[in-house]
Amino acid sequence: MEKDTDRVGFFAGEELERTAARRPQKTALVAKQEALSFAELNRRVHALAGYLQREGIRPGDRVGVLLPNSTAIPLAYYATQKIGAVTVILDARLRGRELQGVLRDADLKLLVIQHQLFQETEEAIGGAAPVWVVQGEGERSFERRWATPAGELRLPHPSPEDDALILYTSGTTGEPKGVVLSYENLAQYPRVMAALGITDSDTVRGCVLPMSHIVGPIVCNELAVRGYTLVIFDQLNPVALLEGIQRHRISVFEGVPVVFQLLLGVRNLAEYDTSSVRVAAMMGTTVPVPLLRAFHAAQPHVKVIQGYGLTETSPLITIVEPEQAAAKMGSIGRPVPGVEVKIVDESGAELPDGEAGEIITRGPHVMKGYFRKPEATAARIRGGWLYTGDVGVREPSGYYYHLGRRDDMMITGGLNVYPAEVENMIYNYPEVQEAVVFPIPDEKRGVTIGAAVVPRPGARIAEKELLAFLRANLATFKVPQRIVIRESLPRTASGKTIRDPAALLPQEVL
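Take the sequence shown: its position 217, counted from the start at 1, is 217 in this note's numbering, and no numbers get skipped.
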């Protein structure tokens, strides 16, 4: 039995303080035209933390952060962590009743929100919590609080198992659930990245994904301990990313597949100087192997790796080591240090190598649970193992492959089809830029298979020709019965493609 004294927590405020003392003049954050040194970042955090305490925020109180990508997210995060408050990172796209439901569930003592978002959501927020407004005026001004000192800080002494962070995820039910991560959970990501040697103090890291998801706090944590430079992008624009890589000499960045598809769609990609980039990680979903190959071919100096994880797992479960990027292309990698992974059947029995089943995991990365939802927590964490709901397979070398969500598996005429295997084949068709496979309800077969595809810029896709290609390369029952050509695919806030036929098929078909 592990002793409490063996548990390790990550305390972002303390780490930032130490790094600021060690390298005060080094650039910590860059966003648009703003750049903050570690000394200035720490000074602002100290001032904000003082005001939080002065205005009644205590250890364990929940403080919401509803902001677009900007330096305000690290400032709010470090300040709340410094005084032992629980940072509740909220999706900046939340509106109306959805926002009301999350705020009601989170039961906040304070909300930090950007001026424009506050104007758009003020009615939904109502009196849920007092607010500090970024780019606001008067008593609510966020900037006024970091511009002037608030007096002496009373530093708390939280335990590794205490609540540190809550992030909301709707999962497959649509019901908002707050994922509670402890200080021990937060220690995992910096520890893993250090062990794998992916980043170091000289790294310039690009943050393209929304910081209102798990990526925000984990890059803030690693920034605090590693002392590298973080360049924050406020939009998913491939040209802006390439210009940022060139200007700031970014060496590491991660994204979901659409980020890399957009980069490949830039006609003059080869004209940008991307020589500083060492590692690019494709995260968040099943990654098409043809996309990995295409990006590697276009940027051969970049090690393109894949990782896998969930908000509930802090987030990494597996990753491909950079030195194995070419040899294990298409794999989600091996378990990261300190993490256990198994493939199991429906009864929870472990399956041998080569057999597909549900991915389950246990270790210091697994969340404490869902906020105030013991039944939902018990359904997800059983016998100390977190059941991911994802289907995967392990090869004898110990590397894992992701086949899709268990709920996404389609049964057509009694035969199982995983969308990822059909999508991977569609991506081998030269004119396809993006694709998603989805089920279409059918009285006779249960479901038939549909596919929505987006052509490459300037390309034209003939449905008959694509179908002929798929029939020549897939088992008959895996070939889509209907193909829809679209200009773009619908996505979630984190960039994952929506697989709902109602969002993909023309209205007259439904």
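Since the hints were derived computationally from the structure, they do not count as laboratory data. Please note that the accuracy of each hint is not assured.
In silico lysine-lysine, DSS-like type, Cα no more than 25 Å apart, as pairs [unchecked claim]:
id, residue 1, residue 2
1, 109, 328
2, 373, 109
3, 109, 368
4, 328, 368
5, 328, 342
Just so we're clear, the structure is a prediction, and the values are computed from it rather than from any experiment.
Query raised in the report: If you draw a straight line from the CA of residue 373 to the CA of residue 109, is it 25 Å or shorter?
Result: holds, 20 Å
**Report entry** Pair hint residue 109 and residue 328, alpha-carbon separation not exceeding 25 Å
**Finding:** With a Cα-Cα distance of about 47 Å, the restraint between residue 109 and residue 328 is violated, given a limit of 25 Å.
Query raised in the report: If you draw a straight line from the CA of residue 328 to the CA of residue 368, is it 25 Å or shorter?
Result: Distance ~32 Å between residue 328 and residue 368 Cα, so the pair is violated.
Requested in this report: With a cut-off of 25 Å on the C-alpha distance, tell me whether residue 109 and residue 368 pass.
Outcome: holds, 21 Å
Query - Hint consistency between residue 328 and residue 342 [alpha-carbon to alpha-carbon, up to 25 Å] - result: holds, 19 Å
Comparing the model with each numbered hint stated earlier shows that hints 1 and 4 do not hold.
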